[in-house]
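**Student:** Modelling step: build the complete structure from the supplied sequences, incorporating the hints.
Residue numbers (the numbering used here), protein chains in the order written: chain G, 1 to 155; chain P, 156 to 600.
Please note: incorrect hints may appear among the correct ones.
Negatives, chain G to chain P, calculated, CB over 10 Å [unchecked claim]:
(1) 28
(2) 65
(3) 91
(4) 94
(5) 143
Partial list, derived from the structure: chain G residues whose beta carbon lies under 8 Å from chain P [to be verified]:
(6) 32
(7) 37
(8) 40
(9) 52
(10) 135
These aren't lab readings, by the way, just hints derived from the structure by calculation.
Glycine included, C-beta positions come from ideal geometry on N, C-alpha and C.
Below are the chains, spelled out letter by letter.
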Amino acid sequence: MTLETVGAGAADCRREVLLTGLSSDAHTWNLAYLELLLEELGCRVTNLGACVPDAEIIEACRTRRPDLVVISSLNGHGRQDGLRLISALRADPALAELPVVIGGKLDVAGGGPHTAAGLLAAGFDAVFEDGAGLTRFSSFVGALAPRPAAPLAVA
Amino acid sequence: MTEIAVRPTPSFGEVVAALNAEGALVVQPRMGFADPAVMRRGLLATRAARATTVGTITLDSYTRLGDHQAVRQAMLDDAELNGYPIVDRDPATTAEMLGGVLTARFPVQVRHGSADPRQIIRTLLERGLPATEGGPVSYCLPYSRMPLELAVDYWRQACEMLAESRDSGAEPHLETFGGCMMGQLCPPALLVALSLLEGMFFWQHGIRCISLSYAQQTHPGQDEEAVAALQQLSRRFLPFARTHVVIYTYMGVFPRTFGGAMELLAESARLAVRSGAGRLIVKTTAEAHRIPTVGENVAALEHAADAALGALRRAAAERTGILEQAAALVECVLGLDDDLGRALVTAFARGLLDVPFCLHPDNAGRTRGFLDAAGRLQWQRIGALPIADLVEPPAGERLTSASLLSALRFVQSGFDDRFGARVPRPVLEAHTARGPRLRELGSMS
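**Tutor:** In structure tokens:
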């Protein structure tokens, strides 16, 4: 369990965020924590939970059309599972531009620039390594373009 | 020639009861090693520990998931597995590993964590190890996305396999994992109810020797009350089964300091004795950092046994309503269907059972637990749980990411702050991949 607190204060943005673990990872407290954090950052969160197969994540992206996909992984298989997922996801033209980020303990060796660079090159928009704190993550979420208001949206 | 009555091997539950009758708390590690020689050494060291022990073989996580290709690949590559791959080790290797280990006073339980345990159960019966643990709810909801209905069917088949093995002489034993759901932040009444319901599911499918788990939570008095409720309700709902309660040392975020970890372990041993539990599954000081060594496991067993010696059975626990809540939950589920498996599936579908913070698709997710000012684990939201007349969740309490984090770390920080300053003991790590090195456990934070 390596979670970090962040200060409040990010603006309300009501972005739709799809939050998920990866296929081989059974950790869930990280996902429960991130759901609350993203809500505090003004997002509406769909939390798919742990052990989610790639096909299910991609299907949720197609049907839910989120503004951001957040992937959290703690079991050390995040790099290999993440690379496999992002190549399948980016292969769908409809999802080519979808912002997708990954964070956590991404390999058994403790991450590092090589791991992050590989994930970025494969198509992730940002990589948040464990231990670096969540300020950068919160800033990233805050900097996303606000979702256009739906005509009949209830505030 | 006179016929000599062959005394059948005593069941796991009978051994625990006999050892308890000698006045001892039975302590047990969570140990599991891929290498048969290390596994054997671990079992023998457990048996020889200065404590009343039973043995454990914990399986690796690929075996838990049924990914035998990954197990075999790891064995070919000499890669590290995080437990003993009993299904893929050839029977002769396991027989050699176990040779002379089992005695009438030292049974071994196989621990696995599988939502589909059928192949594991078949294998452990073939290897002469009829004691294991799990449950259709507790090994499905927290660790898989398998539909609950499917896990219920797999566990029914597993129970029937175990029950049939009785014909060959050995009495099978099954322990519920339901009292440990999510490791932390599940209010005790729900833990008690789930442990009982899984025990009753086992009974319905032919298991007669059952242990009921309960994991240490955040407040000693509250935990004693919960164990008392579990014992009382097991007499009501499982009157004809041989049962004992097994306590698990805290399963949430563990203290990082040597002193904090040792004191939390000692506290769980005292809880077991005060509440009259038969057995304790320990954790080690290495828990927050990595998989513990054989030596660290033995040290934990002996420390727990020493702490148990200084504790006395408590005549009566406090009463804040855990018994009533747990009874209401169990009775509600029993009223849904004569088949307990179907009743469990219906109960979760309707939110009548609903585990806080559990993200499984079949869990309603409308309940939440929180820690009150005294450190007791309480209900913040009860969703559709049938206990509305028994609890009053606080109005206006809002869970934030920061408050969740501090609740998750409450036990860790409390024990580290109070007991972390105790002199750390240097520990020689004999089997890290990088070879022996000295590490000051207490200095790591």
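**Student:** Evaluate each hint against the coordinates.
**Tutor:** Structure-based check of each hint:
Distance check on residue 28 (chain G): its Cβ comes as close as 5 Å (rounded) to a Cβ of chain P, failing to clear the 10 Å threshold; non-interface status is violated. Taking the minimum C-beta to C-beta distance to chain P, about 21 Å, the non-interface status of residue 65 (chain G) holds against the 10 Å cut. Residue-level check passed: residue 91 (chain G) sits 24 Å from the nearest beta carbon of chain P, beyond 10 Å. Every beta carbon of chain P lies more than 10 Å from that of residue 94 (chain G), the smallest distance being close to 25 Å; the non-interface claim holds.
The Cβ of residue 143 (chain G) sits about 19 Å from the closest Cβ of chain P, beyond the 10 Å cut-off, so the non-interface label holds. Annotation: interface hint on residue 32 (chain G) holds; nearest CB of chain P at approximately 5 Å, less than 8 Å. For residue 37 (chain G), the interface hint holds, the least distance from its beta-carbon to any beta-carbon of chain P being 4 Å, beneath 8 Å. The closest approach between the C-beta of residue 40 (chain G) and any C-beta of chain P is roughly 6 Å, which is under the 8 Å cut-off, so the hint is satisfied.
The beta carbon of residue 52 (chain G) is positioned within 8 Å of a beta carbon in chain P (closest approach about 7 Å), and the interface hint is therefore held. Proximity of residue 135 (chain G) to chain P is violated relative to the hint, the smallest CB-CB distance being about 13 Å (cut-off 8 Å).
Checked against the numbered hints listed earlier, the structure breaks hints 1, 10; every other hint is satisfied.
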